[in-house]
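Okay, here's what each chain looks like letter by letter:
There are 2 protein chains.
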Amino acid sequence: MNIQTYMQDIGIEARKASRAMASADTIQKNNALTAIAKAILREKDTLLAANKLDLDAARANGLEPAMLDRLAISEKTIANMAEGLTQIASLADPIGEMSNFKYRPSGIQIGQMRVPLGVIGIIYEARPNVTIDAAGLCIKSGNAAILRGGSEAIHCNQALAKLVHEGLQKAGLPTTAVQVVETTDRAAVGELITMKQYVDVIVPRGGKGLIERIAADARIPVIKHLDGNCHVYVDDDADFDKALRIIENSKTQRLGTCNTAESLLIARSVATTMLPKLADMLTAHGIEIRGCAETCRLVKQAKPATEEDYYTEYLAAIISCKVVSGLDEAIAHINQHSSQHTEAIVTENYTKARRFLREVDSSSVIVNASTRFADGFEYGLGAEIGISTDKLHARGPVGLEGLTSLKYVVLGDGHVRA
Amino acid sequence: MNIQTYMQDIGIEARKASRAMASADTIQKNNALTAIAKAILREKDTLLAANKLDLDAARANGLEPAMLDRLAISEKTIANMAEGLTQIASLADPIGEMSNFKYRPSGIQIGQMRVPLGVIGIIYEARPNVTIDAAGLCIKSGNAAILRGGSEAIHCNQALAKLVHEGLQKAGLPTTAVQVVETTDRAAVGELITMKQYVDVIVPRGGKGLIERIAADARIPVIKHLDGNCHVYVDDDADFDKALRIIENSKTQRLGTCNTAESLLIARSVATTMLPKLADMLTAHGIEIRGCAETCRLVKQAKPATEEDYYTEYLAAIISCKVVSGLDEAIAHINQHSSQHTEAIVTENYTKARRFLREVDSSSVIVNASTRFADGFEYGLGAEIGISTDKLHARGPVGLEGLTSLKYVVLGDGHVRA
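Protein chains in written order, with the numbering used here: chain A, 1 to 418; chain B, 1 to 418.
Everything labelled a hint here was simulated from the structure, so no lab data went into it.
Don't take every hint at face value.
Note that the list lumps identical chains together, so a pair holds whenever it fits in one copy or between two copies.
Stated by the list, open to error - Only pairs whose alpha carbons sit at most 30 Å apart, straight line, appear in this in silico DSS-like list of lysine-lysine:
id	residue 1	residue 2
1	K170	K38
2	K208	K16
3	K102	K242
4	K16	K52
5	K208	K196
6	K303	K242
7	K208	K76
8	K300	K196
9	K162	K242
10	K208	K170
11	K242	K52
12	K162	K52
13	K196	K102
Every value quoted in this text rests on a predicted model; they were computed, and no experiment measured them.
One chain only, chain A, in its complex shape (with noise of 0.2 Å):
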């Protein structure tokens, strides 16, 4: 097979069937949605066989069992993609969605209407949901999918693309709407993050390494978000409380997402009655503290942290913490070692908690809540294709709205220009 010959042709079919999609009826969609929702389920027995015969691969090739867990779908797994391809055909139809319509001097009338941003190419590891997902909020906004999942995962894949298929095609759309590609050739990555003509944006789901890998290679925009070194900052001014309360939570709800906790700042004037109390809470979790000077004299626990632990992700039972002299240096540290992603602040101060907001320059900036918040459906998005924490076009949670662009509306009744 000629891999370039084959992407082209994939990408071909995807340009045409964008056309269709982007002028699709929203009963349309949402009837392709519950159609494949409604297979998944009817195919379960087809899908656990499949996942399989990719799980004995993986287990012959020596797959790491991290990754394994990962690949594995169970009857559970797959309920829970039905279940989100229904939630996402309940959601409103942003296409066509018109807005801010104004009358100007010259007489015309101008405003914008919600539009697809066309082709989207989604790039992944081993997850099988991920393609689910991916289709449908791809289908339900209008775009057309071109999905390249891990070859780890190539037997589920294939199985359900042939499901989503079947409810594009109940639901009178065109079945290139959502396209898996078959070859487990890495070749096929690079061409369909090169193809410029035929894809719109290119959203790498998955580990550091991937993403940065496809940010690099890429000549086409690129949606992701790369780590979550995520700060808390207890303030002079916070509540004890809240501040125990929401490092608890931010730090050891769960380890690995990209919105736990990482890094713990916090105000000299109340780290001497604080710190112990919050690090003998964190210690009870499990959590290894990593600390600055006068962090390590405080906290008996802790061991001595390195200006490379501030830039870390642990992902892990790991925080960094730092005593800061207040507001001020809490922001400068925050902007210059976050990955941009998600900071909160503890404090009762209006005055401090207006300056924090406007000036820590990260995707999500949070007042006396814990940073597990920044999620997609915990933002009302209903749903979510990443965490942006680039600024161009989404920043941070991207739902359905992110795959969609405004295209200006002119209304005129033969007006011309003076």
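Once you've looked at the hints, dock chain B against the given chain A.
Relative to the frame of chain A, chain B by itself:
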């Protein structure tokens, strides 16, 4: 001089200045803009003298008259620069605007805040007024700017940079908020468009060649438009007088602008009656008509068009013309051949107007008005840094808002995730 070190130093300073600009008060930014405007008017003789140095060098180097024309400034150009800054000062400050705050079932309140992009790199050709336009838009939108003008305009740009710095200083803002690259070495551009850690977005302004080169080589997102192959479609249900007026204005008001119509489509049912008269109007304006076989049969003065013609942005006294079967063929032809800039339909039919608006995939879609309206000032943006034919981030005329992003703001009272 080591160009890489020189540019990296500029980048480091720009990143620092961008933090100060992001939290600058509205009044400070406006004070800077009006102080620059005053300084420009006061120093008009200095500016004209600097421009003369550039013009003399350009003539000695045998530059083309069109290039010399773009390079030259006059008392009027200088007054326009100052007026432009005063207008930008009068616009609402987009930064810090908060919107869409809602309570979620979890109890958190979630909304968005408008923030600057950070550091904008602007690359342009000979026109010195771009230095002032770009500086003004970046200051008002709370960004830092790195400006790289054409080497032909170096003296004038340096003189302008001094006045920009004077205005920033008077307003208590860092002079490094607007830096003009002082080397004419081309390697500086290569460095500017690849130093990701210091530059957030590149805006190239100039000819198609410049923009294509930059888009191909940049490793930073680019806000760009390449060309404007704009269409007017005269529908079966067009009002003839409106069609005549709109085509005349779209094609003949100015030949060299990106929102000028380059192609005329007309429905077969009205071609016999309308096309000869429309063509005569165009011919009276000195416009050459290149048409399909049917056009050539109906219009004596028409020459045959090639397929290439339908893809061409002439920027000249030429228009391509095609008779189509109706709306479907018109939309398909436009989506195939246009550069996704601006397209207009002339029709009295509600259903066809609605379909044209939805299905034509261009940054501006127009019913019964001239394509010449596609412009930041006409749309009420107050100013324009360019017109984007891309879909990501900004589409169509890009004003202050296009130089900003939205971050999420979460307000809680000790809330944690369940």
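Checked hints:
no. : hint          : verdict
1   : K170 <-> K38  : within (12 Å within a copy, 67 Å between copies)
2   : K208 <-> K16  : between (33 Å within a copy, 27 Å between copies)
3   : K102 <-> K242 : between (46 Å within a copy, 22 Å between copies)
4   : K16 <-> K52   : neither (35 Å within a copy, 54 Å between copies)
5   : K208 <-> K196 : both (24 Å within a copy, 17 Å between copies)
6   : K303 <-> K242 : within (25 Å within a copy, 78 Å between copies)
7   : K208 <-> K76  : within (28 Å within a copy, 54 Å between copies)
8   : K300 <-> K196 : neither (56 Å within a copy, 41 Å between copies)
9   : K162 <-> K242 : neither (50 Å within a copy, 51 Å between copies)
10  : K208 <-> K170 : neither (38 Å within a copy, 45 Å between copies)
11  : K242 <-> K52  : neither (46 Å within a copy, 66 Å between copies)
12  : K162 <-> K52  : within (17 Å within a copy, 69 Å between copies)
13  : K196 <-> K102 : neither (35 Å within a copy, 38 Å between copies)
Going down the numbered hints, you'll see the structure goes against 4, 8, 9, 10, 11 and 13, while the others check out.
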